[in-house]
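Q: Single-letter residue listing:
2 protein chains.
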Amino acid sequence: MKALEKLLDRIIQRININLRELDYDISPFIQNLISMNQMVKFYAFYGITPNHPLNFEFRHSSLAGSYFLGKIRTSNSILYKSDIRGDELKHRGDVFRFQKFKIPITRDEGIDIEDSFLIKTLVHNFSHDPETLEKFFIKDTVSTHYGNIHGSPCDGCFLGPFATVDLTTMRDCVIGTFAYVQAGEVAHLNVGPGNVWVRNPGEFNFLYYHPPDRLNHYINFIAGRPPQGFIMDFVEDRKDAFQRVFDVVNIGPSVPVPASASLDRYAVVKPRTRISENVLISQRAYLQNAWLGKGANAQEHCYIINSRLEGCNVTAHGAKIIEADLGKNIFVGFNCFLRGRANSRLTIGDESIIMPHTIIDIKKPLTIPPGHLVWGLITNLQELEINSIALDDLSKINDSLIQGNMSFEGSGIGFVTAFRDRIHHILEANGAFFDGKKNRGHAQKNQNISFNTIQPYPDGELQGLYPAIVIQP
Amino acid sequence: MKALEKLLDRIIQRININLRELDYDISPFIQNLISMNQMVKFYAFYGITPNHPLNFEFRHSSLAGSYFLGKIRTSNSILYKSDIRGDELKHRGDVFRFQKFKIPITRDEGIDIEDSFLIKTLVHNFSHDPETLEKFFIKDTVSTHYGNIHGSPCDGCFLGPFATVDLTTMRDCVIGTFAYVQAGEVAHLNVGPGNVWVRNPGEFNFLYYHPPDRLNHYINFIAGRPPQGFIMDFVEDRKDAFQRVFDVVNIGPSVPVPASASLDRYAVVKPRTRISENVLISQRAYLQNAWLGKGANAQEHCYIINSRLEGCNVTAHGAKIIEADLGKNIFVGFNCFLRGRANSRLTIGDESIIMPHTIIDIKKPLTIPPGHLVWGLITNLQELEINSIALDDLSKINDSLIQGNMSFEGSGIGFVTAFRDRIHHILEANGAFFDGKKNRGHAQKNQNISFNTIQPYPDGELQGLYPAIVIQP
Numbered sequence: 001m002k003a004l005e006k007l008l009d010r011i012i013q014r015i016n017i018n019l020r021e022l023d024y025d026i027s028p029f030i031q032n033l034i035s036m037n038q039m040v041k042f043y044a045f046y047g048i049t050p051n052h053p054l055n056f057e058f059r060h061s062s063l064a065g066s067y068f069l070g071k072i073r074t075s076n077s078i079l080y081k082s083d084i085r086g087d088e089l090k091h092r093g094d095v096f097r098f099q100k101f102k103i104p105i106t107r108d109e110g111i112d113i114e115d116s117f118l119i120k121t122l123v124h125n126f127s128h129d130p131e132t133l134e135k136f137f138i139k140d141t142v143s144t145h146y147g148n149i150h151g152s153p154c155d156g157c158f159l160g161p162f163a164t165v166d167l168t169t170m171r172d173c174v175i176g177t178f179a180y181v182q183a184g185e186v187a188h189l190n191v192g193p194g195n196v197w198v199r200n201p202g203e204f205n206f207l208y209y210h211p212p213d214r215l216n217h218y219i220n221f222i223a224g225r226p227p228q229g230f231i232m233d234f235v236e237d238r239k240d241a242f243q244r245v246f247d248v249v250n251i252g253p254s255v256p257v258p259a260s261a262s263l264d265r266y267a268v269v270k271p272r273t274r275i276s277e278n279v280l281i282s283q284r285a286y287l288q289n290a291w292l293g294k295g296a297n298a299q300e301h302c303y304i305i306n307s308r309l310e311g312c313n314v315t316a317h318g319a320k321i322i323e324a325d326l327g328k329n330i331f332v333g334f335n336c337f338l339r340g341r342a343n344s345r346l347t348i349g350d351e352s353i354i355m356p357h358t359i360i361d362i363k364k365p366l367t368i369p370p371g372h373l374v375w376g377l378i379t380n381l382q383e384l385e386i387n388s389i390a391l392d393d394l395s396k397i398n399d400s401l402i403q404g405n406m407s408f409e410g411s412g413i414g415f416v417t418a419f420r421d422r423i424h425h426i427l428e429a430n431g432a433f434f435d436g437k438k439n440r441g442h443a444q445k446n447q448n449i450s451f452n453t454i455q456p457y458p459d460g461e462l463q464g465l466y467p468a469i470v471i472q473p
Numbered sequence: 001m002k003a004l005e006k007l008l009d010r011i012i013q014r015i016n017i018n019l020r021e022l023d024y025d026i027s028p029f030i031q032n033l034i035s036m037n038q039m040v041k042f043y044a045f046y047g048i049t050p051n052h053p054l055n056f057e058f059r060h061s062s063l064a065g066s067y068f069l070g071k072i073r074t075s076n077s078i079l080y081k082s083d084i085r086g087d088e089l090k091h092r093g094d095v096f097r098f099q100k101f102k103i104p105i106t107r108d109e110g111i112d113i114e115d116s117f118l119i120k121t122l123v124h125n126f127s128h129d130p131e132t133l134e135k136f137f138i139k140d141t142v143s144t145h146y147g148n149i150h151g152s153p154c155d156g157c158f159l160g161p162f163a164t165v166d167l168t169t170m171r172d173c174v175i176g177t178f179a180y181v182q183a184g185e186v187a188h189l190n191v192g193p194g195n196v197w198v199r200n201p202g203e204f205n206f207l208y209y210h211p212p213d214r215l216n217h218y219i220n221f222i223a224g225r226p227p228q229g230f231i232m233d234f235v236e237d238r239k240d241a242f243q244r245v246f247d248v249v250n251i252g253p254s255v256p257v258p259a260s261a262s263l264d265r266y267a268v269v270k271p272r273t274r275i276s277e278n279v280l281i282s283q284r285a286y287l288q289n290a291w292l293g294k295g296a297n298a299q300e301h302c303y304i305i306n307s308r309l310e311g312c313n314v315t316a317h318g319a320k321i322i323e324a325d326l327g328k329n330i331f332v333g334f335n336c337f338l339r340g341r342a343n344s345r346l347t348i349g350d351e352s353i354i355m356p357h358t359i360i361d362i363k364k365p366l367t368i369p370p371g372h373l374v375w376g377l378i379t380n381l382q383e384l385e386i387n388s389i390a391l392d393d394l395s396k397i398n399d400s401l402i403q404g405n406m407s408f409e410g411s412g413i414g415f416v417t418a419f420r421d422r423i424h425h426i427l428e429a430n431g432a433f434f435d436g437k438k439n440r441g442h443a444q445k446n447q448n449i450s451f452n453t454i455q456p457y458p459d460g461e462l463q464g465l466y467p468a469i470v471i472q473p
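Chains as they are written, first to last, in this note's numbering: chain A, 1 to 473; chain B, 1 to 473.
Honestly, the hints are just simulated from the structure, not real lab data.
Fair warning: there could be bad hints in the mix.
A pair holds if it fits inside one copy or across any two, identical chains being indistinguishable in the list.
[Unchecked claim] Here are the simulated SDA-like cross-link-like pairs (lysine to any residue), alpha carbons at most 25 angstroms apart as the crow flies:
(1) LYS6 - PRO473
(2) LYS41 - PHE242
(3) LYS41 - GLN447
(4) LYS294 - ASP129
(5) LYS363 - ARG341
(6) LYS135 - VAL470
(7) LYS2 - LYS445
(8) LYS437 - ASP459
(9) LYS2 - ARG59
(10) LYS2 - ALA259
(11) LYS294 - THR132
(12) LYS396 - GLY349
(13) LYS100 - THR132
(14) LYS41 - VAL249
(15) LYS396 - GLU383
(16) LYS100 - GLN228
(17) LYS445 - HIS425
(18) LYS41 - PHE246
(19) LYS41 - VAL245
(20) LYS41 - PRO473
(21) LYS41 - ARG225
(22) LYS2 - GLN472
(23) LYS2 - PRO473
(24) LYS437 - LEU462
(25) LYS100 - GLN444
(26) LYS6 - PRO50
(27) LYS328 - GLN447
(28) LYS363 - ARG92
Here chain A stands alone, though its shape is the one from the complex (with noise of 0.2 angstroms):
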C-alpha cells in the first residue's frame, strides 16, 4: 500500500503548486476521502470491439473500478470508478477545423492522465481545443464524486463533486460542487458552488448561479467529510443495484434490446423499461420503468426512472430524470437532477433544452412547453417562469437578459444554434439517425463489447497498485 499513498501524496502537492496562486489547499477535502483499501476491492474493465481502435496503456497507476472504451493512452495516476471514454478521439490524417484553420491531425490522439486523482468521474473527447489536439491531457488534477471532464484538457485543476468542464482548456483552476464551464479556455479561476457558465468568447456569455442554501440542501462538500445532499444520498441509495453487474463474468440483457441498439453489460436495467430502435444505453446509468424511444441515449451514470422519452432524447453524463414525460428531441445536460412524483409528474414539451446542472423539484406537476430553455433550481411553476424562456424569445436578443439569477449577454441566436448544432452531433455520434445503413453510431458500434478487466497487486508494498498493461491490437 505504501507505493499507493505516496502517489497520493505527490498528486496532492503538485496540486496545491499549481493553486498557490489562489491560496487553495485541497489536503483537507482529499486526504480520507477514499480509504486506499478501497482501491484493492475493484477490478478495472477495458472494452474490446472491432469498431474501436485498440491503444491501452497504463503504468504505475490505480484504476479500480474503473470503465474503458476506445483508443486510449494514459499515464500514472489514481482514478477510482471512473469512466475514460476514448471513442471520439482523433485520428491521424484527420482534419480538425476550427475558424480559418484546417489542422491536419499528424499522429493518433491519446489521453494522457499524470499524477491526477479522479473519483467516479467521467472523462469523454472530444476536445476542441486546436492547440493541444494529439493530446487530451489531465495533469496535476483532483475531481471529486460524479465531476464531469468532457472534451476539456486539464492542468492543476480541482473539480468539486457534480462538478462539470466542458469543452474547455483549464489551468489551475477551482470548479465549484455542481458548477458548469463551458469557455474555451480559462486559467487561474475560481469558479462558485452552483455556478453554470457557458461562454463563446465575442458571442455570448450565459451566467446563472444556484443560491448556495438552497444548493447545500441537494449537494454541499465541505472539508474533512464526503459530499453530502440529497443528491448524494439518491445516487448512494441505488449503489447496491449494480452489485450484480459487477459481480457476473457473462451477463445478458434483461429486456429485449433490438438490433440498432445498444446496452452496456455494466448498465443497471430494471423491469417495465423499454429500449427502442437506435437507442444507446452507457455503461453505470440506471433504467427503472422508463420507456426510451427511438433515438434516445442514456449516457454515463445517468438515471431514469418511471419515465417516458418519446424519441431522440438526450439525457447527458450523470442526469437524473424521474417520474417525468419527456417529448421528442429534448436534451437533458450534464448532472441535471430532475424529479417529479408518482402523482406530480413532469412534462416536457418537444425540443426544449434543459441547461447541465438544473435542478428540478417539484411536489404538483409541471409542464414546461415544448421549444423552452431552462435553468436552475426550479420547485413550482412560479419559478419556472423566472428560470426559463422560449428558444424563439431568446434567438431575438442581442444584447443582455436577466431572468432571477441568470444574466445573458450577446447573440441570443447564437447561443440557440450552438445549442442546437451540439445536440444534433451527439445524436448523431450516438447512432440516433441510423437507417439500417448510413449513420452508425455509438448505439451500432458498442452493441458487442467484450471486457479485459484489470486487477492491483493484491497485497504488498505495491497493493492497491496496477501492473504495467498495455493493450494493443
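Model the placement of chain B on the given structure of chain A, informed by the hints.
A: Chain B only, in chain A's frame:
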C-alpha cells in the same frame, strides 16, 4: 473469425511438415476437434501477486479459457482452456547445475509458444534441458485434451489426449493417447498409446504398455471425433461444477483455509472437504468430500473425491483419486485414475509411489502396502501383484526385471532415489515443509492472487483472436 482459421491452418501445416518422416498427418484429428466458435466464449486469466514477477506478452493469439500464473513470455498460438504456469521459470543470475557443469542464467527465462495449438493442456516448468535454459519453447506443436507438457520443450510434436511429456526435450515426435514419456531428450519417435516410459540414459529404463483393448475402455482417440472413454466421460460429467467459479468475479473460499495453505479461486470445492496446513489447491482442481492432511497438494486438473490423504501427498496434474484412503508421503503421478467404490475402497500405504498414468479400477477393496511402486492397469489383487514391487526390492535390482507388461533395466536404487528426490522437490516447491518462517512454497505464495481477465474480439475478421497484451511490473 477468418484470422483465427488461418492461424489454425498454418499450425496444422507446420506440424505436418515436422512429422513428415513419421508419415503422420494430424489434420483428421484436429480439424473440427474444437469449434472455432468456442474461442469467443471464454475469457483467459492472468494471476497477479507480489511473489510472482510479471512478464506477460501475447500477440496474434487466441487464449480462450486459459490460465496464466507467474512470469511468462509467450507469442502467437491458439490456447484453449490451457494452464500455463511460469512460476518456476529461471531468473537471470541463477546458476543451473547439470552433471559437472555450473551454467549461469544470462536472462530471465520465458515460455515461447509459437504456432501451436494446446487444448486443455497443462504447461509447467521447470525445464531441465541444459541446452535451452533461457527459453522454454513449445513450437509447431499440437497437444490435445488433458495433455501435460511438464518441463518439456517441444518442437514439431503431436500429443494425443491425456498424454504427458515430463522433463523431456522433444523434436518431431508423436506421443500417443495416455502415453507418458520422461526420457531426457527424444526425436523422431512415435510413442504408442498407453506407453509409460521413464529413462535416465546410462542409469535406468522403465517401460510399461497398457493393453490397448483394455485402455480403449478408459480412453481412446480416433480421427474425426473427440476423445472418448470412461475417463473422458468422468471429466466431462463434472464440467458444469466449474461454471460458477468462472462466472463470478469475486468468489470466497467455501471451506476454512489455514493461513499456511492456499486454495485457488478457480478450483471447485464441494462440501465436507478439509484443508490442513501447508496444503496447496491449484486452479481447476476438483475436491469433493476430500480430507487433505498437512502438506498435501492437489494440482491442476486433479480430482479428489470421497477420499482421505494423510499428509505430504502429491496428487499430480490430472490425477484422479476416488473413494480411497492414502497414507503419508504418497505420490500419485500425472493423469492417474484411481477409482475405489463406496463399499470397496482403495487403500494405499505410506511412502508408496503410484507411477504416472496408472489406472486402478476396483470392485472389491484393495490395499497397496506401504513403500511400493505401482504401475499399469489394475482391477484386482492379482493384477496389483503383477503391477507393483516393494521399493526395497526394486532397489536391489541391478540388471533387469520383467513383470507383466513392464520391463525395467539398469539401477533400481538409481530409479528409486531419483523418484524420491523428485517427490521431495515437489513437496518443497509446493510449501509442504513451511514452518511458519522458512521453506515458503507455492502454498504460501499463492494465497492472494488477483486476476486480469482477457477477452477476444467479439466479432469481425479478428473474432476469437485476442488483442496484443503486455503486462509487466
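Q: Hints first: check each against the structure and report whether it holds.
A: Hint-by-hint comparison with the structure:
Taking the shortest Cα distances, LYS6 and PRO473 sit within 25 angstroms of each other only across copies (17 angstroms), while inside one copy they are farther apart (33 angstroms). Taking the shortest alpha-carbon separations for LYS41 and PHE242, both the intra-copy value of 15 angstroms and the inter-copy value of 23 angstroms come in at or below 25 angstroms. When the C-alpha separation of LYS41 and GLN447 is checked against a cutoff of 25 angstroms, the pair qualifies only between copies, where the shortest distance is 16 angstroms, while the shortest distance within a copy is 28 angstroms. Taking the closest pair of Cα atoms, LYS294 and ASP129 never come within 25 angstroms of each other, the shortest separation being 32 angstroms inside a single copy and 65 angstroms across copies.
In this assembly of identical chains, LYS363 and ARG341 lie within 25 angstroms of each other by CA distance solely inside one copy; the values are 7 angstroms within and 72 angstroms between copies. In this assembly of identical chains, the alpha carbons of LYS135 and VAL470 lie at most 25 angstroms apart whether taken from the same copy (18 angstroms) or from different copies (23 angstroms). In this assembly of identical chains, the alpha carbons of LYS2 and LYS445 lie at most 25 angstroms apart only when taken from different copies (20 angstroms versus 41 angstroms within one copy). For a Cα distance limit of 25 angstroms, the shortest separation of LYS437 from ASP459 across copies, 18 angstroms, qualifies, whereas the shortest one inside one copy, 51 angstroms, does not.
For the homomeric pair LYS2 and ARG59, the shortest alpha-carbon distance inside one copy (16 angstroms) is at most 25 angstroms, but the shortest distance between copies (33 angstroms) is not. For the identical chains of this complex, LYS2 and ALA259 are inter-copy neighbours only, at 23 angstroms across copies versus 48 angstroms inside a copy, given an alpha-carbon limit of 25 angstroms. With identical chains, the CA atoms of LYS294 and THR132 are never at most 25 angstroms apart, being 36 angstroms at best within one copy and 62 angstroms at best between copies. In this assembly of identical chains, LYS396 and GLY349 lie within 25 angstroms of each other by CA distance solely inside one copy; the values are 21 angstroms within and 97 angstroms between copies.
In this assembly of identical chains, LYS100 and THR132 lie within 25 angstroms of each other by CA distance solely inside one copy; the values are 17 angstroms within and 63 angstroms between copies. In this assembly of identical chains, LYS41 and VAL249 lie within 25 angstroms of each other by CA distance both inside one copy and across copies; the values are 16 angstroms within and 11 angstroms between. Taking CA atoms no more than 25 angstroms apart as the test, LYS396 paired with GLU383 passes inside one copy only; the shortest distance there is 22 angstroms, against 102 angstroms between copies. In this assembly of identical chains, the alpha carbons of LYS100 and GLN228 never lie at most 25 angstroms apart, being 46 angstroms within a copy and 72 angstroms across copies at closest.
Proximity of LYS445 to HIS425 under the C-alpha cut-off of 25 angstroms is restricted to the intra-copy arrangement: shortest distance 16 angstroms within a copy versus 53 angstroms between copies. In this homomeric assembly, LYS41 and PHE246 come within 25 angstroms of each other (Cα to Cα) both inside a single copy, at 12 angstroms, and across copies, at 18 angstroms. Taking the closest pair of Cα atoms, LYS41 and VAL245 come within 25 angstroms of each other both inside a single copy (15 angstroms) and across two copies (18 angstroms). In this assembly of identical chains, LYS41 and PRO473 lie within 25 angstroms of each other by CA distance solely across copies; the values are 19 angstroms between and 29 angstroms within a copy.
For the homomeric pair LYS41 and ARG225, the shortest alpha-carbon distance inside one copy (21 angstroms) is at most 25 angstroms, but the shortest distance between copies (44 angstroms) is not. Taking the shortest Cα distances, LYS2 and GLN472 sit within 25 angstroms of each other only across copies (19 angstroms), while inside one copy they are farther apart (30 angstroms). For the identical chains of this complex, LYS2 and PRO473 are inter-copy neighbours only, at 16 angstroms across copies versus 34 angstroms inside a copy, given an alpha-carbon limit of 25 angstroms. Taking the closest pair of Cα atoms, LYS437 and LEU462 come within 25 angstroms of each other only across two copies (22 angstroms); inside a single copy the shortest separation is 49 angstroms, beyond that limit.
Taking identical chains as interchangeable, the C-alpha atoms of LYS100 and GLN444 are never at most 25 angstroms apart, the minima being 33 angstroms within one chain and 66 angstroms between chains. With identical chains, the CA atoms of LYS6 and PRO50 are at most 25 angstroms apart between copies only, with a shortest distance of 18 angstroms across copies and 38 angstroms within one. Taking CA atoms no more than 25 angstroms apart as the test, LYS328 paired with GLN447 passes inside one copy only; the shortest distance there is 24 angstroms, against 56 angstroms between copies. Taking the shortest alpha-carbon separations for LYS363 and ARG92, neither the intra-copy value of 52 angstroms nor the inter-copy value of 72 angstroms comes in at or below 25 angstroms.
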